[in-house]
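*Asks:* Residue numbers (our numbering), protein chains in the order written: chain Z, 15 to 162; chain F, 47 to 128.
Some hints here could point you the wrong way.
As the list claims (entries may be wrong) - Some chain F residues judged to face chain Z by a derived CB distance under 8 Å, without partners named:
| id | residue |
| --- | --- |
| 1 | ILE78 |
| 2 | PHE82 |
| 3 | TYR93 |
| 4 | LYS97 |
| 5 | VAL103 |
| 6 | ALA107 |
| 7 | PHE114 |
| 8 | SER116 |
Unchecked claim - Below 25 Å or equal to it, Euclidean Cα-Cα: the simulated PhoX-like pairs (lysine-lysine) are:
| id | chain 1 | residue 1 | chain 2 | residue 2 |
| --- | --- | --- | --- | --- |
| 9 | F | LYS69 | F | LYS97 |
| 10 | F | LYS57 | F | LYS69 |
| 11 | Z | LYS98 | F | LYS69 |
| 12 | F | LYS57 | Z | LYS98 |
| 13 | F | LYS57 | F | LYS97 |
In case anyone wonders, no lab produced these hints; they're calculated from the structure.
Glycine included, every Cβ here is placed at the ideal spot set by N, Cα and C.
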Amino acid sequence: MPHFMLQMTPNGPIVQAAILVSAARREALESSGIPIPTAQRIVALIDTGASVSVVDPSVLAALDLNPTGDLDIHTPSTEGISVKASTYDVQFGIYAIRPGDPHFVSETVQVASAVLANQGIHALIGRDILASCVLIYNGADGYFTLAY
Amino acid sequence: MALEQELNTYKTNLPTLLKHEGKFVLVHGEDIVDFFSTYEDAIKAGYQQFKLDPFLVKRIAVTEPVFFISRSVVIGDLAGVK
Numbered sequence: 015m016p017h018f019m020l021q022m023t024p025n026g027p028i029v030q031a032a033i034l035v036s037a038a039r040r041e042a043l044e045s046s047g048i049p050i051p052t053a054q055r056i057v058a059l060i061d062t063g064a065s066v067s068v069v070d071p072s073v074l075a076a077l078d079l080n081p082t083g084d085l086d087i088h089t090p091s092t093e094g095i096s097v098k099a100s101t102y103d104v105q106f107g108i109y110a111i112r113p114g115d116p117h118f119v120s121e122t123v124q125v126a127s128a129v130l131a132n133q134g135i136h137a138l139i140g141r142d143i144l145a146s147c148v149l150i151y152n153g154a155d156g157y158f159t160l161a162y
Numbered sequence: 047m048a049l050e051q052e053l054n055t056y057k058t059n060l061p062t063l064l065k066h067e068g069k070f071v072l073v074h075g076e077d078i079v080d081f082f083s084t085y086e087d088a089i090k091a092g093y094q095q096f097k098l099d100p101f102l103v104k105r106i107a108v109t110e111p112v113f114f115i116s117r118s119v120v121i122g123d124l125a126g127v128k
């Protein structure tokens, strides 16, 4: 499997990533003569505690996306209940540190919208995306490996 | 509210949709359009048929599954937060 290894940060397994409009939306935009929004370069945390990936609304707004679904989400801020979150169809690109290094581009995934930018990140890469990957968390030596 | 009409269509038709439980349904306005085995296929069909008009893709379930995020985040969409 292709893979890359990155140094652990004080905030955990952080990756440089990009959020792109889905391939299907890209085709719809092209056929409508509308420019394709530029992929948004972001900082994302690999989070095995997230059963679904989430993206900050500022990133989704920059891609001019409309919701195509909803999900019920439970998180500590929802105080014991689940709340409805709008969801959007996007693709994730995960980049290694150096230009030209291997990178992973997901299939179209359903991501929820949640405010994250105040935590210094723009997205959580959850178990929905990790389901097709192998993640090795080597805390003892201070690095992690993602194979895909 | 985004997709209000499509979500109402889903709820109204849920009893009959349940024979396709586990599939992804494509909903446009008051129309149940089709069923798909994967999210990606349903999204692709939605954009092919309706371009940039609103449409809903939802996995059919008798009870809504709950997704968990252990990190404290504020759920919110482009119009605001909840």
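*Asks:* Compare the structure with each hint and give your call.
*Replies:* Going down the list of hints, with the structure as the test:
no.	hint	result
1	ILE78	violated, 15 Å
2	PHE82	violated, 12 Å
3	TYR93	holds, 4 Å
4	LYS97	holds, 5 Å
5	VAL103	holds, 5 Å
6	ALA107	violated, 10 Å
7	PHE114	holds, 5 Å
8	SER116	holds, 3 Å
9	LYS69(F) - LYS97(F)	holds, 22 Å
10	LYS57(F) - LYS69(F)	holds, 15 Å
11	LYS98(Z) - LYS69(F)	holds, 20 Å
12	LYS57(F) - LYS98(Z)	holds, 14 Å
13	LYS57(F) - LYS97(F)	holds, 24 Å
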